[in-house]
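Q: Sequence:
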Amino acid sequence: MGRHIRRAAWLVGTTLALALSAPQAALADWRRAETAHFVVYSNGSERNLRDYAARLERFDALLRHVANGPTDIEGLRKLPVYLVENGRELRVVQPDLPEGVDGFYRASPYDIRAILIRGQDDDLLLHEYTHHYMSQTSPGSYPGWFREGYAEYFATATVDSRGKSTVGYPHLGRLRTLQQQRWLPLGNLLTASPMTLEGQQQRWTFYAQAWLLTHYLLSDPERLQRFGAYLTDLSNGADPVEAFLTRFQTTPEAFTRDLRTYMDQGLRYAELSMPPLDPQMTVTLLPDSADDVLLIGLNIRERGRDSENPALLAQARAAAARHPGDALALTVLANAEITLGDPAAAEPILEQVLALEPNNVEALLMAARRRIDDAGQATDDAQMFALYREAQTLLGRAYAADPTDYRVLAELAGIRRMADDYPNENDLETWRLAVEHAPQVLNLRGQAADAMIAAGHDVEAEAYLLPMANDPHGGRSTDWARDRLAAIHARRAAGNGEAANTPVTP
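Count the sequence shown with my numbering and you get residues 1 to 506, in order.
Calculated from the structure, these hints are not laboratory results.
If you're wondering where the values come from, they're calculated on a predicted model, not measured in any experiment.
Glycine is no exception: its CB is placed at the ideal position from the N, C-alpha and C atoms.
There may be inaccurate statements among the hints.
What the hints assert, rightly or not - DMTMM-like, lysine to aspartate or glutamate: derived pairs with alpha carbons at most 20 Å apart:
#1 164 / 122
#2 78 / 99
#3 78 / 34
#4 78 / 402
#5 164 / 34
#6 164 / 123
Stated by the list, open to error - What follows is a list of derived Cβ distance ranges for each label pair:
#7 348 / 483: 42 to 50 Å
#8 479 / 47: 41 to 49 Å
#9 403 / 236: 31 to 39 Å
#10 34 / 318: 44 to 52 Å
#11 236 / 382: 47 to 55 Å
#12 87 / 236: 29 to 37 Å
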């Protein structure tokens, strides 16, 4: 009930009646700008970096203003944003990106970050940051079309240093799609995942119709009130299409005509005035090694332990040789050895990093994971538990250095899975904190939900699973979450709503 009230309040506030190659030889310095909600990295000019970081903070302020969201959340994890020079640098991080892609956002068990080419349109990052913000500040769960439509709605927003803002400005690309392409039936729009639609054109149409429908709802208080009631119906298990038609007292054909009329009459946008914002930020110069290792380090971190790329390993080794005693180069090399080379060779490298930087979270996390892996190969219980204790000590140091790092929290909770009393209340609280700092990571939600179910907390598990089940991109984790929700609903219907079942990691 509390979730529904908070969600409704959040909605009412919205009414307005994003061939791997080696990095280029050092041409510019890498800098880091830290603001209240972002950590922005760039190898461009300091002025450009400061301007971009300020624009991001102003956009965050606009989202909070429109949604009546909290002006700040204590301990909020800041979003890293990397600004690169060109598509070649972008593909150092993600080699398989299609041509024409100017940036991307990713939330994974390894990292949450956005990377884009400087000087390109901001639409992609604003769209993805709206998703990011919505996951962090809204406790509710929304259908996939609304999550995409809401992000598209804000992708064209503007806000200047004086606080003058526009929201809901027509998205010309989406309008063109709606004018030239065959629309999806309303029932498909309300229930489909864009990734399950046939062909790129149908997916573009989905995003365009989702944007238009969201624009339509947010432009009128009465329509928004009906939408809030519709969300309550969905949370109670109502059919998405039947509930929508009932709440809006319409038919699919009539509602589609209304949407077309709304579009043809010319879409209006809101002009807002907020207090002027001059974001505070700290800009630091990164070591020279950043030109060699920052981007390949992101690639290695994201691709995980199964990656095989000898070129990356060779680059990391060469960079560390060029920058002896450099903590950043050594940290990237340690991860490269663990992921791509000789994991045992990483141990002395990590010791060297931690001698230079005792609070280096990446190094502490890698050292802890090495011990967890070794514990799995231990020949006796005494050795296994000794390694787990060493890992816990290292993770404790990492947590003290950065209490917002969800990866550290997930390892702290996960290392306890073999304990007889898992999950105890401390384990549950650790999972809660992990999701609080990274609600965008669906795998993390799934692990937390499993722990809650095992402890008999089905209601809490449901809150973690709903955003997974409604993920507009679909996939295995979405199907898994829907199965888990169905099991929760079945237990509830049988009068055994607090029963637990065997955890299964998605």
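Q: Does the hinted range 42 to 50 Å hold for residue 348 and residue 483 at CB?
A: 45 Å, holds
Q: Keeping to a limit of 20 Å between CA atoms, is the pair of residue 164 and residue 123 held or broken?
A: 18 Å, holds
Q: Within a Cα-Cα threshold of 20 Å, do residue 78 and residue 34 meet the stated pairing?
A: 9 Å, holds
Q: Given the hint of 47 to 55 Å, is the C-beta distance from residue 236 to residue 382 inside that range or not?
A: Taking Cβ atoms as reference, residue 236 and residue 382 lie about 52 Å apart, which means the hint holds.
Q: Hinted pair, alpha-carbon criterion (20 Å max): residue 78, residue 99. Please report holds or violated.
A: 29 Å, violated
Q: Can you let me know if the beta-carbon spacing of residue 87 and residue 236 is within 29 to 37 Å?
A: 47 Å, violated
Q: Please verify whether residue 164 and residue 34 have alpha carbons no more than 20 Å apart.
A: Violated - the C-alpha atoms of residue 34 and residue 164 are around 24 Å apart, more than 20 Å.
Q: Should the hint that residue 34 and residue 318 are 44 to 52 Å apart at their CB atoms be regarded as holding?
A: At roughly 30 Å between Cβ atoms, residue 318 and residue 34 fall outside 44 to 52 Å, so the hint is violated.
Q: Could you tell me whether the CB distance from residue 403 to residue 236 stays inside 31 to 39 Å?
A: 37 Å, holds
Q: Check whether the Cα positions of residue 78 and residue 402 lie no farther apart than 20 Å.
A: OK: residue 78 and residue 402 at ~11 Å, within 20 Å.
Q: Lying within 41 to 49 Å: is that true of the beta-carbon distance residue 479 to residue 47?
A: 48 Å, holds
Q: Is residue 164 close enough to residue 122, meaning Cα to Cα at most 20 Å?
A: Measuring from Cα to Cα gives roughly 18 Å; hence the hint holds.
Consistency note: the structure conflicts with the earlier hints numbered 2, 5, 10 and 12.
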